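**Q** Chains as they are written, first to last, in this note's numbering: chain A, 1 to 298; chain B, 1 to 298.
Hints are computed from structural coordinates only; laboratory data are not their basis. This structure is a prediction, so every number in the text was calculated from the model and none was measured. Keep in mind that a hint or two might mislead.
Copies of the same chain look alike in the list, so a pair counts if it fits in one copy or across any two.
In silico lysine to aspartate or glutamate, DMTMM-like type, Cα no more than 25 Å apart, as pairs [to be verified]:
1) K118 / E37
2) K108 / D22
3) K144 / E37
4) K118 / D22
5) K144 / D41
6) K181 / D22
7) K144 / D22
8) K105 / D22
9) K287 / E270
10) K108 / E13
11) K42 / E182
12) K287 / E274
13) K146 / E37
14) K98 / E13
15) K17 / D62
16) K146 / E116
17) K231 / D41
18) K105 / D41
What follows is each chain in one-letter form.
Number of protein chains: 2
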Amino acid sequence: MKLEKLGEFGLIERFKKFIPLDSSVIKGTGDDCAVLEYSKDKYQLFTCDMIVEGVDFLPKEDPYLIGRKAVAISVSDIAACAGIPRHCVVSLGMPRNKTVEFVDKLLKGMLSIAREFKINLVGGDLSCSQRLVIDVSILGLVQKSKLVLRSTAKVGDKIFVTGNLGGSIHSKHLKFTPRVKESQYLARNFKVNSMIDISDGFIQDLRHILYQSKAGAVIYEKMIPQSPKAKNLNDALYSGEDFELIFTLSAGEAKKLILSGNKTFKMVGEVCSEKCGLVLVDKTGKKNKLADKGFKHF
Amino acid sequence: MKLEKLGEFGLIERFKKFIPLDSSVIKGTGDDCAVLEYSKDKYQLFTCDMIVEGVDFLPKEDPYLIGRKAVAISVSDIAACAGIPRHCVVSLGMPRNKTVEFVDKLLKGMLSIAREFKINLVGGDLSCSQRLVIDVSILGLVQKSKLVLRSTAKVGDKIFVTGNLGGSIHSKHLKFTPRVKESQYLARNFKVNSMIDISDGFIQDLRHILYQSKAGAVIYEKMIPQSPKAKNLNDALYSGEDFELIFTLSAGEAKKLILSGNKTFKMVGEVCSEKCGLVLVDKTGKKNKLADKGFKHF
């Protein structure tokens with residue numbers, strides 16, 4: 001059987017069932033981060049992200065922005081669990097013909113994110129590779145009471161996003177700011193029921209929340225904050241690498257957020273029972289079941 | 001300037017000086033693992049290792065052994081700091097044409113090491129890549145009083161290895177057992193002054209200890225435990241990926257180890273002052289300064 005037949009998520013499911021975990025693991029694969037016992041009041045978050053030339057960035061792109069992206073996508077995963085990023089290590093697979101100047105720019109890009117979010121870059125590995133490949137593993141911390149997972153959305157929750165959707169294909173994917181500040185604001189002031197970052201596309205990532213929470217959702221087209229750079233609604237719904245956060249709040253908490261006057265967060269729909277599936281209400285009020293598409297690696 | 005001119009270690013030195021670290025980092029880049037504050041009596045160890053098809057393994061090799069190696073080399077780094085491996089995440093860059101059966105074997109190899117060393121495989125990332133690339137990041141724990149670094153060898157220390165050298169090119173590099181048990185035995189029973197695992201070759205890795213400890217060394221050819229699979233002395237001295245440990249003990253501790261009758265550990269030489277350099281005494285008693293060679297990525 002070829003990998004593309006099984007698909008990325010089929011493969012991950014296949015992985016999961018073989019893996020024995022001890023009691024130090026609060027949450028293994030299947031969320032934005034692994035969650036590990038750490039101290040009396042904190043969990044440690046641990047995750048990795050690999051980016052590959054020709055898939056996640058083009059060879060012609062600015063190495064500063066490539067380095068920046070490599071670290072930023074891992075930071076985004078920490079934000080999605082309401083954590084603070086702390087330490088990272090970087091593995092670089094470098095083509096032999098790259099110049100030292102190229103690596104310097106790559107590193108400057110990485111350090112720009114590390115400095116912005118006070119992350120310690122504590123180690124790395126350097127290999128020779130035909131195409132540039134960068135893997136960043138990151139550790140973060142989260143107050144136990146503030147941890148947010150994908151699997152805990154509740155029927156009746158309101159669904160929010162942290163910003164405009166659909167701008168990523170126009171270079172936002174190289175320049176986005178991981179939503180650590182927003183996620184910390186939410187964790188401090190609200191009971192967040194579930195959260196994920198948008199890497200594969202709004203709809204596909206919302207599906208991860210719904211699948212893991214055994215729930216459905218209704219999304220309202222008129223409420224989707226479409227990026228001025230998105231060509232159309234489909235861009236906003238399906239294009240990958242927006243790196244905004246999707247999160248859900250109970251109706252009461254949602255009301256509190258809306259009344260706070262904070263315009264950063266946009267409500268886009270609500271969680272319903274599993275059997276209602278994933279429905280988009282268009283501008284005329286018509287309900288449409290949404291197809292399962294979005295970025296797939298395989 | 002091309003990367004090969006600067007070399008891997010030049011590049012790492014170049015990286016280091018740009019990187020700001022806070023007080024939670026006991027040791028950043030430059031050792032087998034980063035060392036982080038963790039609890040009252042323990043440090044956390046954190047490291048990553050990337051292996052690439054065509055460099056670290058051949059496409060024809062058994063995927064079970066490739067998966068096994070990917071995890072084992074990270075475990076070896078934890079052992080080199082006298083730590084216990086605890087949690088790991090795996091990033092896979094997979095060519096599109098690989099079969100599910102291939103991935104299953106890869107995973108089984110990874111899990112064989114995870115089970116053997118009671119490591120929790122807690123997460124991963126799956127990307128599409130032209131050639132197979134695997135990056136494993138691992139967390140470990142070490143008692144603060146037992147941590148061993150590269151930089152703390154002392155003049156007068158005796159130098160030991162945990163096993164035969166020079167067998168790696170004959171498939172040992174795919175089948176080696178990381179020396180966690182040996183390292184734990186040493187940490188429990190002796191004051192180990194410095195330690196490193198052999199990834200680039202005995203001499204080159206010994207040089208890391210010497211360089212960081214500002215010391216020199218004398219090695220005795222007749223004491224080198226040459227693998228029956230090594231063609232000659234050069235194999236034992238320079239071939240990479242033996243994954244034995246090199247460690248140093250004070251003369252007193254060395255005597256204790258030798259008198260213990262434990263035959264696992266072989267003394268091969270002693271640490272001397274920096275100005276004596278790195279010297280090999282051959283079987284006739286002649287002293288030879290050793291050239292700086294061994295596996296280089298660039």
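**Q** Now tell me, hint by hint, if it's right for this structure.
**A** Status of the hints after comparison with the structure:
When the C-alpha separation of K118 and E37 is checked against a cutoff of 25 Å, the pair qualifies both within a copy, at 22 Å, and between copies, at 16 Å. Taking the shortest Cα distances, K108 and D22 sit within 25 Å of each other only across copies (18 Å), while inside one copy they are farther apart (38 Å). Both within a single protomer and between protomers do K144 and E37 lie at most 25 Å apart by alpha-carbon distance, with minima of 9 Å and 19 Å respectively. In the homo-oligomer, the alpha carbons of K118 and D22 lie at most 25 Å apart only across protomers (9 Å), although the nearest pairing inside one protomer, at 31 Å, exceeds that limit.
Proximity of K144 and D41 under a CA criterion of 25 Å is satisfied in both settings, with 6 Å inside one chain copy and 22 Å between copies. Taking CA atoms no more than 25 Å apart as the test, K181 paired with D22 passes between copies only; the shortest distance there is 20 Å, against 32 Å inside one copy. Both within a single protomer and between protomers do K144 and D22 lie at most 25 Å apart by alpha-carbon distance, with minima of 18 Å and 23 Å respectively. When the C-alpha separation of K105 and D22 is checked against a cutoff of 25 Å, the pair qualifies only between copies, where the shortest distance is 23 Å, while the shortest distance within a copy is 41 Å.
In this assembly of identical chains, K287 and E270 lie within 25 Å of each other by CA distance solely inside one copy; the values are 14 Å within and 78 Å between copies. Taking the shortest alpha-carbon separations for K108 and E13, only the inter-copy value of 15 Å comes in at or below 25 Å, while the best intra-copy value is 37 Å. For the identical chains of this complex, K42 and E182 are intra-copy neighbours only, at 20 Å inside a copy versus 33 Å across copies, given an alpha-carbon limit of 25 Å. In this homomeric assembly, K287 and E274 come within 25 Å of each other (Cα to Cα) only inside a single copy, at 16 Å, whereas the closest approach across copies is 77 Å.
In the homo-oligomer, the alpha carbons of K146 and E37 lie at most 25 Å apart both inside one protomer (14 Å) and across protomers (22 Å), since each shortest distance falls under that limit. Proximity of K98 and E13 under a CA criterion of 25 Å is satisfied inter-copy only: 18 Å between copies versus 37 Å inside one chain copy. Proximity of K17 and D62 under a CA criterion of 25 Å is satisfied inter-copy only: 23 Å between copies versus 40 Å inside one chain copy. Only within a single protomer do K146 and E116 lie at most 25 Å apart by alpha-carbon distance; the minimum there is 22 Å, versus 34 Å between protomers.
Proximity of K231 and D41 under a CA criterion of 25 Å is satisfied in neither setting, with 45 Å inside one chain copy and 56 Å between copies. Taking the closest pair of Cα atoms, K105 and D41 never come within 25 Å of each other, the shortest separation being 39 Å inside a single copy and 39 Å across copies.
Hint check: violations occur at hints 17 and 18; the rest are consistent with the structure.
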